[in-house]
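Colleague: Heads up: the protein sequence lines correspond to chains A and W, in order.
Adding 6 to a residue's 1-based position in the first sequence gives its number in my numbering.
Adding 309 to a residue's 1-based position in the second sequence gives its number in my numbering.
Rather than coming from a laboratory, the hints here were simulated on the basis of the structure.
Predicted model only: the values in this text are computed from it and were never measured.
Only pairs whose alpha carbons sit at most 25 angstroms apart, straight line, appear in this in silico DMTMM-like list of lysine to aspartate or glutamate:
id : chain 1 : residue 1 : chain 2 : residue 2
1  : A       : K39       : W       : E481
2  : A       : K39       : W       : E482
3  : A       : K39       : W       : D480
4  : W       : K418      : A       : D273
5  : W       : K434      : W       : D523
6  : A       : K117      : W       : D523
7  : A       : K117      : W       : D567
8  : W       : K418      : W       : D523
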Amino acid sequence: MASFGQLLANGIVLGCIYIFIAIGLTMVYGILKILHVAHAAIYTIGAAVGLAIFQLCNNFWLALFLAMLVSGVAGMLVYQGVYRRVLNAPRIVPLIISIGLFTLVQDLLQKDWLLGPYMHAFNVNLNFADVKTSMFRLTSVEVVILTLAIIFLAAVYIILTKTRIGLAWRASAQDTEMAAALGVNINWVIALNFLLGSALAGAAGVLVGVYYNNVYATMGNVPSYKAFVVIVLGGMGNVTGTIVAGLFLALAETFLVATVGFVLPRDAIAFLLLILVLMFRPRGLFSRG
Amino acid sequence: MIEAIFGQYTISVLIFSGIWAVLTLSLNILTGYAGQVSLGHAAFFGIGAYTSALLTTRYGWHFLPAFIGAMLITAVVGGFLGLPSLRVRHDFLVLATMGINFVVVGVFKYTEFFGGSMGIINIRKPVLFGIVLSGEKFLVLVLAYLAFTVWLSYYIARTWAGLAFNAIRADEEAAEAMGVSVPRFKIYAFIISSALAGGAGSLYAHFLGSIFPDHFAFAESIAILSMLVFGGLGTIRGALLGAMVLKALPEYLRIVGDYRYTIYGGILVLMMLFQPMGIIGDGSWLWKKWQEWRKK
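Isolated chain A (complex conformation):
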């Protein structure tokens, strides 16, 4: 069994991935109150684009950047083209639309002329050595994930707390009508919301693809579900809560599997946590009400 330090390190890296995916989800819920199931499709698109660009030009950073760009735009298009039309419909409508979009995109991706039913290798040599300490060892990919996580999350934090658009977002999340009445351009806020969140999801897709050396059409299934667990645990719409919850879930999974050797597959931990939270504290463990 691996050392405590190693488990901790692995858990944190995994947590960063969950956070990347969940941030976009919680931000969309914060303003629109829609469960953006299609977010997982954006994640897979990001991975696919990243892989394609990498295969063309062999440059990881370019692939990552373009994947984030395409994902961000795709997310915005989903809002403009679909969600925007049903904002005033009963709750079930955008929910079903989102599920439909996810199903549609994922099935298309499985066709031979796209990703097909195969697993694709995503082999990136990142040209710097692993980090080895007495307590743990981080591969170069893991270092990249951690570094990017710190950079992006710091950026999100600064944007949300120190800029005007961040203020506008927080105002809209609290009370959309009031914010609009006070002159906030809600559509801009929402569009940027999708751009940012979807770009992060695309980045997550690329990073996961490289980390596990595997890109395939249905890779969005399990992360999407776990991302939901994360946002429910953290309090829907609560960005800080999401960050904490993402780490919590990843650490729980890592440690439980290593120490207890969980009876059901490791993915079931997330599902059970979700049921427990929904039954006993639906507002989330960290929500401020």
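Dock chain W against chain A, hints included.
Modeller: Here is chain W on its own, set in the frame of chain A:
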């Protein structure tokens, strides 16, 4: 006789359409009547299928007791799995039901008792009164069950339970205030709809002869919801049409078959954007035209 005219293939398609029509009608009671959006209905389908399969292959039961046993056990499990609906609604309920679907399939896939990923095989055709039911005789069985489900749907809609369901769907607080015991009726909805789905599962297992965990995964739950939404959420005619069309069409149109889930997803998106009440649901363009024509 039907077999002679239409052939084995058509019979199979009709049987599947019939089974899925029951599934869609059962989801209609839960989601259409009672407003509990469930994205895990395939789990009940699976529980019924596995129960019936295990009772007959492993414990030597005959078909009819196994069929009834499947319905009963699925009803009990369904009532229990309906408990989250007492705590959460809408989005959260959807998430919970998705989770339940995953966990149930996970149990099927990873436990020895349920055959693991090898599933259950060698399930024999039902034998009723000494007659082996296969081919068109099985179709008669399916149609009988479908007729029962349709009748039950009509009946429920006209009883106090149906009224309670509609009240809960429209406004839970108001229903509670008017004296409807919301928790009780929510569980009733789960029990009835899962029992029906369990029966469909039993028929499915005995027709196909072998079942595997992935037959009852999340994708199938989406397919069933698609059929209901396409036809008309809340209506019996919608459930029937949705199941018939969306189950049979992929069989006959190759391109539709290859892009089955793309189309299911696309239908959900397009219907919700333009006709959320379904093709022939209440208030849909087609249904309104039909009612105008009838008045002439």
